[in-house]
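Student: Sequence:
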Amino acid sequence: MNILIRPLLLTILFSLPSITWAQENESNETIEYSISPSTSLIKLAEPFKITFEINKNSYSKNLKIDTATQNTEPFEILSITELVPKKEDPFQKNKKLEFNIIPFDIGIATFPVLSWTFQNEEGKLLKIKSPAITLNILPYTNKEGKDVLDIHPPFEFFSLWKTLLIFFLIVLIIMAIIFIVKKKSARIIQRIRTKRERTPYQKAMENIRILSASKLWTEGKQKKFYIRLSDILRIYIMDELSITAPLMTTNTLLKTLKADNKDIELLIKVKELLQFSDLVKFAKLKPTEEERDLSLTASKEIIDRFHSYQMQKEKALEVDKK
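Each residue of the sequence shown is one higher than the last, beginning at 656 in this note's numbering.
Think of the hints as simulated: they come from the structure by calculation, not from any bench. For each residue, glycine too, the CB sits at the ideal point set by N, CA and C. Mixed in with the good hints, there may be bad ones.
As the list claims (entries may be wrong) - If you anchor each label on the Cβ, the simulated ranges turn out as follows:
# : residue 1 : residue 2 : range
1 : Ser691    : Glu946    : 25 to 35 Å
2 : Ala831    : Leu922    : 30 to 40 Å
3 : Thr904    : Leu820    : 26 to 36 Å
4 : Leu780    : Asp918    : 15 to 25 Å
5 : Ser691    : Lys784    : 17 to 27 Å
6 : Glu973    : Asp915    : 39 to 49 Å
7 : Glu944    : Leu896    : 23 to 33 Å
Between the sequences and the hints, there should be enough to build the whole structure, so can you do that?
Tutor: As structure tokens, then:
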């Protein structure tokens with residue numbers, strides 16, 4: 656029995672290196688690229704294109720690009736399209752793939768190295784890597800581009816009677832304001848006290864209810880609807896967790912939340928909701944009513960879970976004090 660097994664094992668062992676070599680063999684070919692628009696014009700939340708070119712003679716078939724395992728933050732790959740010429744060009748030596756990409760952060764960012772696999776004419780599986788591309792992402796700007804207003808010339812010196820008239824009007828305005836404030840002071844003070852007594856959790860839930868009942872959606876103002884929903888969540892995080900969420904980009908906020916919260920499922924929900932809101936905010940997609948309802952439900956779940964964590968922390972602190 657041993658006499659039969661031993662040759663079989665030797666055969667398997669000697670065959671393994673050739674299999675591993677076929678899987679890990681790397682090609683010496685390089686991948687060229689071009690960017691549209693120019694790198695000096697790439698802006699936050701505005702799609703741009705990178706066209707990669709690979710020599711047609713270096714591969715035979717089954718060209719694949721590995722984007723799933725690559726960390727492409729802060730970029731989102733919207734689509735990958737093969738550029739096929741209208742007419743067969745015998746001088747066209749390169750295969751062109753166009754990546755449609757949208758950036759979600761500003762400043763210097765690097766589009767990562769991507770791994771490409773293909774089979775050559777001999778049927779061997781080869782690997783090739785595209786280069787890392789460093790880009791400078793500009794802030795989002797209003798496309799209407801209003802000019803800077805001219806500075807008004809200094810006021811002329813007023814005569815004495817004009818000065819007295821203005822002073823008299825100011826006094827009348829101040830007296831009118833004092834009268835109105837005194838008349839409605841009880842109501843104002845009561846409203847202020849009520850607002851101060853509400854917790855960040857109560858404020859957020861009330862604001863979501865008001866937003867859900869508003870007419871923004873029925874009036875076709877989906878963009879304003881999602882801007883308001885994103886603001887409600889960011890303000891709640893600021894009030895509840897003492898994080899300046901309204902001033903942060905989505906990626907920066909997620910990194911800050913990761914440092915203090917290990918609930919991966921919760922962080923994924925926050926990322927999905929804020930990134931979806933960003934796409935709607937910059938008019939990159941139009942949400943459906945079903946997506947709107949899912950967003951409202953997700954925002955409530957996120958706030959509920961953050962609130963639960965804060966309550967647990969407060970109870971733990973009270974126990975430690977005792």
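Student: If a hint holds in the structure, say so; if it doesn't, say that too.
Tutor: Going down the list of hints, with the structure as the test:
Restraint check, Ser691 to Glu946: a C-beta distance of roughly 30 Å satisfies the suggested window 25 to 35 Å. For Ala831 and Leu922, the Cβ-Cβ distance of about 52 Å falls outside the hinted range of 30 to 40 Å, so the restraint is violated. Range check, Thr904 to Leu820: about 51 Å between beta-carbon atoms, so the 26 to 36 Å window is missed. Under the hint 15 to 25 Å, the C-beta atoms of Leu780 and Asp918, about 40 Å apart, miss the expected range.
The given range of 17 to 27 Å is respected by Ser691 and Lys784, whose C-beta atoms sit roughly 22 Å from each other. Against the hinted window of 39 to 49 Å, the Cβ-Cβ separation of Glu973 and Asp915 comes to about 20 Å, which falls outside the hint. Between Glu944 and Leu896 the Cβ separation comes to about 31 Å, which falls inside the hinted range of 23 to 33 Å.
Hints 2, 3, 4, 6 from the earlier list are contradicted by this structure; the remaining hints agree with it.
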